[in-house]
Structure formats: structure tokens, C-alpha cells
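A.B. asks: Sequence:
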Amino acid sequence: MNDSPAWLAAWLVDKYRDWSDNHGDLESRFDRDTLLAIITLYRTSGSIGSSFRQYFDFHHNSPRPHITVPAAFTVSTEPSHANFPREIAERACTDIRHWSSPGRGGHFMPLEKPDLLAAELTQFFTSLRPC
1 MNDSPAWLAA WLVDKYRDWS DNHGDLESRF DRDTLLAIIT LYRTSGSIGS SFRQYFDFHH
61 NSPRPHITVP AAFTVSTEPS HANFPREIAE RACTDIRHWS SPGRGGHFMP LEKPDLLAAE
121 LTQFFTSLRP C
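Under UniProt numbering, the sequence shown is numbered contiguously, ending at residue 131.
Source of the hints: derived by calculation from the structure; they are not laboratory data.
Bear in mind that the values here come from a model prediction, so they are computed numbers and not experimental data.
The reader is advised that the hints may include incorrect statements.
What the hints assert, rightly or not - Restraint-style ranges between C-beta atoms, simulated for each label pair:
hint, residue 1, residue 2, range
1, 65, 28, 12 to 20 Å
2, 131, 28, 41 to 49 Å
3, 91, 28, 34 to 42 Å
4, 27, 64, 17 to 25 Å
5, 86, 126, 16 to 24 Å
Unchecked claim - When the alpha-carbon atoms are kept at most 25 Å apart in a straight line, the in silico DMTMM-like pairs for lysine to aspartate or glutamate are as follows:
hint, residue 1, residue 2
6, 15, 78
7, 15, 27
8, 15, 33
9, 15, 57
10, 15, 3
11, 15, 25
12, 15, 31
13, 15, 95
Even glycine gets a Cβ: it sits at the ideal position worked out from N, Cα and C.
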């Protein structure tokens, strides 16, 4: 994919359109400079292939041990994540302290809704402080 800058750009723009909370208008969520910066980072670093690794590994490795430290989940509106069942998370995490479905923000929530994500993280970490 990194062999063709046009293919890489088209693929990334397609994913940002499909996976973000943009209601069909990509530029309502990301300006062109941001999209071009993302494309440039993937192109110049040659890292598009390694960015897929986590998706392959998840399905091809043996089960991982339970996560026993406090965990937080903010479920985005991305179609593959929306209405994500808490029960699935509970199979992996034994101490879920925060679960939220704010109804906005897609796959790229840190870039799309940084204030929302910051508030979610603040709420979670505040709950961990000793009284």
C-alpha cells in the first residue's frame, strides 16, 4: 500500500470517513491540513503495514491473561463499536471502574473529540484517587 501514494491517501480518507463521527461530511470533523498530515506521516514513515498488526494479532494469538488493574471504557459511535456489550469487556477485564457510551465520537476519538475524551479520562482517574 505504501508503494502508491494515491492508494494510501484514498484508503486512509475512506477509513477516516467511514470510522469517524462525521455524518457523511468528512471535512466537518477533519480539515484538509489534518488529513494531509496524517497521510504524510503514514507515507514518510512507511508504517501503514505495521498499523494493521494489532488487528491480525488479536485474532491469531492465544488468549491473553485477564486484565486485573482498574479499567475504563468509552464506547464510540463507530458502527463496529456502537452498542459494544459490556459483557465482552468483562471477559477480559476483572475490574471495570468506568463504562460510558457518550453517543458521539468515532474510531479516532482523541482527534475528533479531544475534550470529550479528556473528560472521560479525568472522571476515571479521579475515581482512583484515595479519599
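A.B. asks: Could you work out which of the previously given hints the structure breaks and list their numbers from low to high?
C.D. replies: 1, 4, 13
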